Amino acid sequence: MKKRVLIAAALCAMALSLTFGQAPKRGGFLRMTPAKQGVLVQNFNPFSPAALESTVGCFYETLIYFNMVDGSANPWLAEKWSWSKDLKTITFTIRSGVKYNDGSAMTVDDVLYSALLGKDNKALDLSGLWAEGLQTVVAKGNEVSFTFAEVNVTTLEKFGSLVVVPKSVWSKVDPLTWTGNLNPVSTGPFMLEPGSFNEQSYRLVRNPHYWQLGKDKKPLPYIDGIQYVTTTNEQVGFKLLAGEYDWAGYSLPNIDDYVKADPEHNKYWFPEGNLVFLYMNNLKAPFDNVNVRKAIAAAISQRDITRKMSPSPAPATMSAVKSTFSEIAKGAMSKYDIRRDVAKAKKALEAEGYRLNAKGVYEKGGQALSFKLYVPTGWTDWIGAAETVAGQLKDIGVEAVITQAAWPDPYQFALEKGDWDFAISFISVGSTPHTQFTRWLHSSRFAPIGEKAMTFSNMRYKNEAVDKALDAYRSEPSPVKQKQYMATVVEQFMKDTPCVPLFFNPTWFIYSTRNFTGFPSPEDPYAWPIVNGMQKTPILLRLQKR
Amino acid sequence: MKYFLRKLGLLAFTLFVSVSLNFFLPRMMPGDPARALLDKMENLQPEQLDTIRAAFGLDTDDPLIVQYGRYLRNTLRGDLGTSFSRFPTPVSEVMRVALPWSIGLMGICTVISFSVGTIVGIGAAWRRETKLASITVGFFSFVRSFPYFWLGLVFIYFFAFKARIFPIGSAYDVEAARGSASWWLSVLRHGALPAMTIVVSSLGAWILTMRNNMINVLAEDYITVAMAKGLPLQRIKSMYAAKNAILPSVTGFAMSLGFVIGGGLVTEMVFAYPGIGYMLYQAVNAKDYPLMQAIFLFIAVAVLIANFAADIAVMILDPRVRDGAK
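Listed in order, the protein sequences are those of chains A and B.
With the numbering used here applied, the first sequence corresponds to residues 56 to 601, in that order.
With the numbering used here applied, the second sequence corresponds to residues 53 to 378, in that order.
Everything labelled a hint here was simulated from the structure, so no lab data went into it.
Any given hint might turn out to be false.
[To be verified] One-sided excerpt, in silico: chain B residues whose CB lies under 10 Å from chain A:
1) T141
2) P142
3) P199
4) F201
Keep in mind it's a predicted model, so treat the numbers as computed, not measured.
No residue lacks a Cβ here, since even glycine has one placed at the ideal position from N, Cα and C.
Based on the provided sequences and hints, a complete structural model is requested.
Quick look at the structure:
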């Protein structure tokens, strides 16, 4: 009888703990190796282009957190915001009760100071707000208003890079060249453990004054801190297999061995990063012919390309948008998608008047479809992909001669000036498809052959309908209508096929759940696991000791 | 004395030439350092590029020769500038961190390797008919032919990863308090495997050089005369044969001491060991002119001074050099 009561009590306790959730488990030092290699220099200056990965996100925080996975803006140091009626002014309400790690309060004045830093010195305009046409910044009560010259609601994203620093510290120094920021006064969840900084490692501990509370109503983070360690490509595999890291921002060719060593805990997630594509110069024959471009697209099987790469990145679709945004491409995909179809590709080329020559390459008027396919020297994963592309093109009677050239010089410059016709290139996708397609296609960034186009806008392609939709998006605060505009852009893009999207460069995220739980994963992609900037912060705040 | 002065003059001249080359060579590399740094960042703005370039001091319109003069003046003053890739940290600060590790590991290993190799080489030549001598020479010549990179990985796999005798990499235990006894112990433990790899792979060269020189010297008439006169064998071995046979090795040793600073690239990569070699590699990739210049300067100075020291050592060891230079 007594035993039964005990069992019942135990069951009740179990049920209780299940329904109400267990109190979060605190403690533990996360062992992390970001991709920075070699000797560490104690640089936590957020205005330095060479600052350590932890600088923004562990020490310093931004006005809002812009989630790169779903493109959503989230309150952070600003509680909320609203656009004025004319959509030229955005007003942020600054969160009260935020403290620096020395216990002093973050003030509206600090926000104002931080925002104004970039006004006179472009190098301090990390958020790019001033370059975007910011005119004035005004503080009133607990609100800070930013007024722009033109309407552009997408500037909201840039506030996700507006780092807030204490005026009392930074107004006494030249922010760009200050090397004395050894122990930052900052609002973020972590601070440096004194004396822990060495040439190969340093240790962060929790900031006891941090403003965010956990489920247990005590300040976050749950973990005690982070042990940062540098390593090298040659070492990281051994150390991961030996269980020396909880989080590694590294690429690992034999990733399957890592998982096999402890399938329950050893995991990885390589979410889609920058888009790699088959570049065609749209102003040069024969790539100025949309049917030729589409025939080339019909030679390509993205899946076959990525399957041969190790580790495999995520293949792209012809819509060029990341899978998290695939909704905007649905309509266009059903109308204009191109899959590998050798017979169809050949037929399309023949319809354009091309005939197979003795070498098995299509030819018209003595001009064979034979091109140099440029790929950056030493980028082995891309070179492998280029070889697969060349093989697939051969099947439809197009010859691609792989030619290596150094990146960024002459690679970037040749593409920007339009010197090359055929290459493997990439576009930094930013946080939303709007950013991606603006950088890629907007005619304001276009340049004729021989003149320098803006970075990433080098395909020599422009389309009025694309411009119109991209511009309309900028003055449209409603996400629903924004999506419609983007659907138009994707549709135009697919209709004209100015290039062939191949795959997304992976974001390297290898982790172990042996000591900590709460990592993002393909099943729960709540944040983008990149070691730089604010994207990692929500992860560091969610991790709990196992 | 004249010999010494001539060598000193040559040292000064070669130093000047290498310092000058150091300025011009990196600037002949294609590419823009500001761009190399900013390419890593997301929100690239042309205006930012210009301000970064200004902060680097690259926006100057001064002719190259004026920049060169400024560079010479700063170098003489000991001002090595600000690193680009680790901006805004000064180059001297960046190098100060890495230099002790490079010199510590590579320097000690080079000395060990040279001393042990030379002694073993002498022994192997003196008793060249024994089985032990041929096995030792054969073994180390065999090991020497392995690529160092591969040997390092194999050592890590067996001694650190499988057997767990040594740590897998890094230079020290990150958990130990800096400067404490346990930290120093961890430095030794972490340094042991890379040191072993360096010594094992470089020993063969010293053994072979010394052995071959020694065998040549042993065939000389004056050795036969010394033997015939009945001098003690130990005296013949060390004072007559080895002293003369070591001359070419001393020059080689000086050269390799000079390369201690930058020569650890592969070790530093394989063992994730902090040092100047990997730093130089990164500096070249990032077009970090000031850091590159400073490292090359150190290497050049080290090689030249080591050579100078070798010349002096040879002068002391070899009376022919001294007397011939009268």
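Evaluation of the provided hints:
Evaluation of the T141 (chain B) hint against chain A yields a held restraint, the C-beta minimum of about 5 Å falling below 10 Å. At a threshold of 10 Å, the smallest CB-CB gap from P142 (chain B) to chain A is about 7 Å, leaving the interface hint in force. About 13 Å separates the beta-carbon of P199 (chain B) from the nearest beta-carbon of chain A, more than 10 Å, and the hint is not met. The interface hint given for F201 (chain B) is met, as the beta carbon of that residue sits about 8 Å from the closest beta carbon of chain A, less than 10 Å.
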